[in-house]
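S.K.: Using the sequences and the hints given, assemble the complete structure.
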Amino acid sequence: MLTVYVERTSFIWSEISKRKIPKKNIDLLILGDSQITSGISPTHLKKELQKLKKDFHFFYYPRPSEQPEGMLILTREFRKTFDFKYLVLNISPVTTSKNLISESHKSLFQNFSPFSTEPLKDFDMGKFYFKNISGYCYYFFLQGFPLLKLNSNLSKEMEIVKSRTLDKKLKDTVEAPIFSEWENNFQKNIFLKNLFIQSEFYWEWGNFSKSQNICIPKKSPPGL
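Numbering-wise (this note's numbering), the sequence shown opens with residue 53 and increments by one.
None of these hints come from the bench; they were simulated from the model.
For glycine and all other residues, C-beta sits at the position ideal for the given N, C-alpha and C.
Treat the hints with care, as some may be off.
Said to hold, decoys possible - Restraint ranges, calculated between C-beta atoms of paired labels, are given here:
| hint | residue 1 | residue 2 | range |
| --- | --- | --- | --- |
| 1 | C189 | N259 | 34 to 42 Å |
| 2 | E235 | K137 | 44 to 52 Å |
| 3 | E100 | P166 | 25 to 33 Å |
M.R.: Encoded structure:
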């Protein structure tokens, strides 16, 4: 799939949207943004619960650039399949103010989240995600033409080579920065894809080494 070439946050949204949803009720639902992604390890949490001999079931569903509106939609969608006793949300000033992250969230929701009727049924929710009637129409249009969902990630960086100079510029084009960027995205996203199978979507943000969830003390304290 072409999603392995998109930038990191979009890839994570795409991958977690494929996650198997519980079919029975659980005790705890954990939602949040990249702070949750790096802050709560499902594997570690399971071990701690086992020590306490607690039969406690939870579902961990973090998404970078998450917003309260996105978490509300998730809870509504999940309740169509399962219910939960407790809910943990990661909410900070960043997630409750209008900024670049909230704009990024809207794009991620439209392009990399499973189709939801919630913004269509809830006027305030629809007003948040769609500026006007054209936004609603485009959301429906994307469902029929999924390749367009990759447009903001891939096509904006493409530069078309004129046919008359194709032979002359082919080598330069192949070696252009955009191809290096796609290759870089591919390598990192494949790493994340394999990691998420084991970690259940826990990831120390920006850490592309095999050492995850390990505290490594600094040799010297940071400067003031």
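S.K.: Next step is simple, just say for each hint if it's right about the structure.
M.R.: Hint-by-hint comparison with the structure:
1. Checked against the hint of 34 to 42 Å, the pair C189 and N259 passes, with Cβ atoms roughly 41 Å apart.
2. Range check, E235 to K137: about 45 Å between beta-carbon atoms, so the 44 to 52 Å window is met.
3. For the pair E100 and P166, the beta carbons lie near 31 Å from each other, so the given range of 25 to 33 Å is met.
When the structure is compared with the earlier hints, no violation turns up for any of them.
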